[in-house]
Amino acid sequence: MSHGPSASGGAVAQPMHGHQDEPYVPVFTAGSAPRAKLDDILSRYPTRQAGLLPALWIVQDERGWVSEHAMQEVGDVLGLTAAYVKGVVTFYTMYHQHPVGQYFIQVCTTSCCNCMGAEDVVKAFLEKTGCGELGLTSADGRYTVIEVECLGACGFATPIMINNDFIDSVSVEKVPEILKKYA
Amino acid sequence: MGYPHKSHPRETPILSKYFGDPEARTLEGWKVRGGYKALPMALATDPVAIQNIVKESGLRGRGGAGFPTGLKWSFMKIGDGKPHYLCCNADESEPGTFKDREIMRWTPHQLIEGCAITAHAIGAETTYIYIRGEFTEPIAIMEKALDEARAAGVIGPNACGSGKTINMWVHRGAGAYICGEETALMNSIEGRRGNPRIKPPFPAVAGVFGMPTTVNNVETLAAVPHILNNGAEWYKAMCLGSPKSTGSKLFSVCGNVARPGNYEVPMGFPFKDFLYDLCGGPLPGRKFKAIIPGGSSVPVITIEEAEQVKMDYEGFMEFGTMLGSGGVIIFDDAQSMPRQLARLARFYAHESCAQCTQCREGTAWMTKILERIVAGQGTYEDLDTIFELTENMTGKTICVLSDSCGAPVCSGITRFRGEFEALISGKRSSTVAVPA
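From first to last, the protein sequence lines stand for chains A and B.
Counted from 1, the first sequence has number 1580 at position 137 by my numbering; the numbering is strictly sequential.
Counted from 1, the second sequence has number 431 at position 398 by my numbering; the numbering is strictly sequential.
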């Protein structure tokens, strides 16, 4: 289920392993804003474990990805093992287990978009960003393009996401204009 | 209304009346439009009385299963001394479905009011609105509306001054279709992998955190304030077909069609008029060929069949398919059915949680076979193998994702066998686009 970039290929800008954040600087240090945010979220649930998905989101917002060190830290904060945390991280497609491009572009290609030309939109992004292949990061480190399953905006084919921005009704013609905003 | 298009005179816009109106998003704007009248009234009413009104209205689950909502609520034992939970299923990931997204984007307070009334009706103090991780805009809008409602005392420790506690939080998913399955959704809230659980125990007995839980879809919950304001009889009267299907229903329309969008019609509306009148018919120079009427998990039907359908739970069943989530996917005569169904099978293979062997292996195997046929390397035996596989994948797993892969594929082969055989024999049909 992982969308993680492959370990080989020409356009990879960075080596792809899970320890690129050494020495690791913790996210949830006492008194920090992420810690306060997590504590507030934890008050909504009867267990600390329920804070796992929100905690992982905080890590990804802060660091851009979820490293093995971060999984260990989140586990320590919530009273879970690092192995358990990794099991959860790998289940969900949206947590990056490796650094990705500055702009992470996801293009929906499930049937409803597919029959409206989504595959051409993917090709246009791969070409214009210089990524060349799905999952690879462009040589300048700016872009990573992946195909994603149904984004839930099927009447507005083709929807894409760039980081947290949701953009619908994307056609091949609109691709260069969109990329200007994410340069 | 036919958002993003203007409302069609034949629509019955109740839930969608204010789609496209940004002023409806604020608490004040929503009150001006008739919002938050039902909630204070409901909080002063006995929960069982509210359950009975909703039972009487005939409201059925809009997420896909069509289970009677009031009956589901009545499984929650009020006053059993345990904390109860309401989970709002906003994981909308079923290909073809994008109605809940618009409800949350345009009318967040409609959903909050529906959740608050329901929480009271099932004796829950805490509601989690589980929104799929990709819905960044609906999440931001819902968070803002919840902050507003809390600040105004509409929800919170003393909701509307009633002395009752109604806490409500957004829980963001992280990318997994299967979390729309209610038990997987509860696991995801608990901080687990989103694997569905074996039932029983059913959620009303042991749900999220092991406590009695009700899971309802966004559209179902959004309908609740309207039922309380206007009465069960009013809701029941919106029925043009089977008396077992009542109320208005939002249908999301996508694919090869002139006006894709969301349309709200009474249950039992003629599908032919819906397709050609409301949705504007096919694209110029094309003809409709096949329709998946209830999100990608239901069987595909031909346009000739679709033109006879009455749009309600029973009407779709008559033609061997289902109303499902109301996500209408339209393919026209320029599309290759084998290619589209192969893409759909790939979706299920990608989204299988891999817990059950039949699903993990079956969805992947089916995808391989279909992609082989599309590539012109299939055999006639492949078609038989797909049916055999489907038999082993249906009704034999913890959840229905496995069944959902076989349903559109097998119905597609049955109805469009010629297209598959043309690819296998090497004689590609001239009326069908040649797959890449």
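Bear in mind the hints are in silico, worked out from the structure with no lab data behind them.
Keep in mind that the hints are not guaranteed to be accurate.
Pairwise CB distance ranges, derived in the manner of DEER restraints [said to hold, decoys possible]:
| # | chain 1 | residue 1 | chain 2 | residue 2 | range |
| --- | --- | --- | --- | --- | --- |
| 1 | A | 1483 | B | 264 | 35 to 43 Å |
| 2 | B | 291 | A | 1615 | 35 to 43 Å |
| 3 | B | 66 | A | 1620 | 29 to 37 Å |
| 4 | A | 1562 | B | 366 | 52 to 60 Å |
Which stretches of chain A does chain B cover? Using the computed rule of at least three CB atoms under 8 Å from a CB of chain B, they are [to be verified]:
| # | region |
| --- | --- |
| 5 | 1468 to 1476 |
| 6 | 1553 to 1560 |
| 7 | 1565 to 1577 |
| 8 | 1589 to 1600 |
| 9 | 1606 to 1614 |
Note that the structure is predicted; figures quoted are calculated from it, not measured.
A virtual CB, placed ideally from N, CA and C, is assigned to each residue, including glycine.
query = Where does the structure disagree with the numbered hints, that is, which hint numbers, in rising order?
reply = 2, 4, 5, 7
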